[in-house]
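S.K.: As given, the protein sequences belong to chains A and B, one line each in that order.
With full-length UniProt numbering, letter number 31 in the first sequence gets 31, and the count goes up by one each step, no holes.
With full-length UniProt numbering, letter number 197 in the second sequence gets 197, and the count goes up by one each step, no holes.
Derived from the structure by calculation, the hints contain no laboratory data.
Treat each hint with caution, since some may be false.
Pairs involving identical chains hold if they fit within one copy or between any two copies, as the list cannot separate such chains.
[What the hints assert, rightly or not] List time: in silico EDC-like cross-link candidates among lysine to aspartate or glutamate, alpha-carbon distance up to 16 Å:
hint, residue 1, residue 2
1, Lys49, Asp23
2, Lys49, Glu100
3, Lys196, Asp224
4, Lys49, Asp272
5, Lys196, Asp144
6, Lys196, Asp274
7, Lys49, Glu70
8, Lys196, Glu249
2 protein chains.
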Amino acid sequence: MEDSLHTLPTPQAITDPADPRLDDIRHLNSSDARPDLPGGKGLVIAEGKLVVSRLVRSDFPVRCIVGFPEKIQALREELANEPVRDTPAVYEVDRETLAEVVGFDMHRGLVAAANRVVERTVAGVLSNIPSGPATIAVLEGVGDHENIGACFRNAAGLGVSAVLLGAGTADPLYRRAVRVSMGHVLRVPYAHFQGKSTNWQQGLRALQERGFTVIALTPNTDVDLAQAIASVRRQQPEGARIAIMVGAEGPGLTEHAMRAADLRAAIPMAPDTDSLNVATAAAIGFYAARF
Amino acid sequence: MEDSLHTLPTPQAITDPADPRLDDIRHLNSSDARPDLPGGKGLVIAEGKLVVSRLVRSDFPVRCIVGFPEKIQALREELANEPVRDTPAVYEVDRETLAEVVGFDMHRGLVAAANRVVERTVAGVLSNIPSGPATIAVLEGVGDHENIGACFRNAAGLGVSAVLLGAGTADPLYRRAVRVSMGHVLRVPYAHFQGKSTNWQQGLRALQERGFTVIALTPNTDVDLAQAIASVRRQQPEGARIAIMVGAEGPGLTEHAMRAADLRAAIPMAPDTDSLNVATAAAIGFYAARF
């Protein structure tokens, strides 16, 4: 039945917080740490109507949707004319029940859980990007879940085609990353470079073979971002393909990663200030690359 | 002695968490809510060496600096050749004492408290901006302390001369805003527009009289940001003076504020995505206005 499409199932009411049908969303604050699953990775959790509807429209197989009756109703109305791929269980609960199950008062009143899917490969992600102008993001080692979520939100908003992740990067499907991304981690294609520590030379060569110029964002260069992008545009007047590469907040990109990039470029900063937050720097890179 | 300068005083050791000399930093999680002070506004708190050193170099009169001996020593070394204006009390404490006083384990091991100063006026802030090219920020109603801190961090990094705040904007001197701003709320000049609800027509006229073109960032326009800035540059070829105006996350700018602006401009967004975080949108605005 993989190819068939359905409307969202009729909700069932649950009043007992101990009901095992609610186990997927039990103790949400630790729900994504699942040492019982391979790699310790757990379910994908979506909170609030916007993110839940993005989860339903994503490739992730939705297991259940739980919420206040009026929130379930609003979601059903939004999806009324839009067949969904899965047939998740849909449960109506009241505010007290939901709070007891998830472990805190969930004002948004709507939560869903999905299974993970096999992650894409870098080659697979790249082969899906049409030829012509495109921007992609390369995150070397962004370890903070809010930052990685913000990177995906900014990538989606600013038209980035894909996000490629180094070995030290935080899990984009962690609950907080899903939330901060506004659900865009569920939509923007991404993949990890292979290996326990990324071989940047080899990883970035794959991008370059597909016509991308890799621009490493770093404060330690005299080339400014606008100059770097202009030089790529001169070489690809038919439409620049640019990969914006950023490193961990604090240390920034490693020398190792920067050596594998084509260009280094700085966002010009005022004297005696700090580097920008990594997601903010990436957003400026995406904006500058696009226009 | 207002004009005299000093080196940082010799630290005194304190071992008793109940010592009243530590009252300024007691229960930090609620330290900035001070209903006993006029307007309920409390002390300015700086955490960590970077922000504490920025506080010491700011206009805010430092009352005390408290930290682990090695952190105090590092700060003293940094400031050794740099006379400071105030003579704050300097206290050395161990990790347990500091944790008990502030109410949580403060890994950074250094904290300082300062008095507020009389806030600048919009006219005062504007009159201090030299003629010629300049960017300023106007925040209509950014209510979230992290967002306002991030706006100041981005403003400082991207060379913004001043930040002007509407009535509904959160207090930039709230502890979390100070921290997220990396201390830049203590350095970037700012002022609130007068009145319980801002009269934007009148407030923005003052900017326009000083040569600033006010660009309201909003998704609801066909003019893109780059076009808007290019049009200002054509009118001011000798150096554009641009005010980037942003509204609260969620609702964005009110129609009231937008009507008082000179131009409306959008950061072009990919279809079916959300608006950017307000501090990220502002950062892109600052970047685009500068270059």
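S.K.: A separate judgement is required for each hint: does it hold in the structure or not?
M.R.: To see whether the hints hold, each was checked on the structure:
1. Lys49 - Asp23: Answer is neither: 20 Å inside a copy and 45 Å across each miss the 16 Å cutoff.
2. Lys49 - Glu100: neither (20 Å within a copy, 41 Å between copies)
3. Lys196 - Asp224: neither (32 Å within a copy, 43 Å between copies)
4. Lys49 - Asp272: between (43 Å within a copy, 15 Å between copies)
5. Lys196 - Asp144: neither (18 Å within a copy, 38 Å between copies)
6. Lys196 - Asp274: Neither: 30 Å inside a chain and 34 Å across chains, both beyond 16 Å.
7. Lys49 - Glu70: within (11 Å within a copy, 49 Å between copies)
8. Lys196 - Glu249: neither (20 Å within a copy, 39 Å between copies)
Hints 1, 2, 3, 5, 6, 8 from the list above are not met by this structure, while the remaining hints are.
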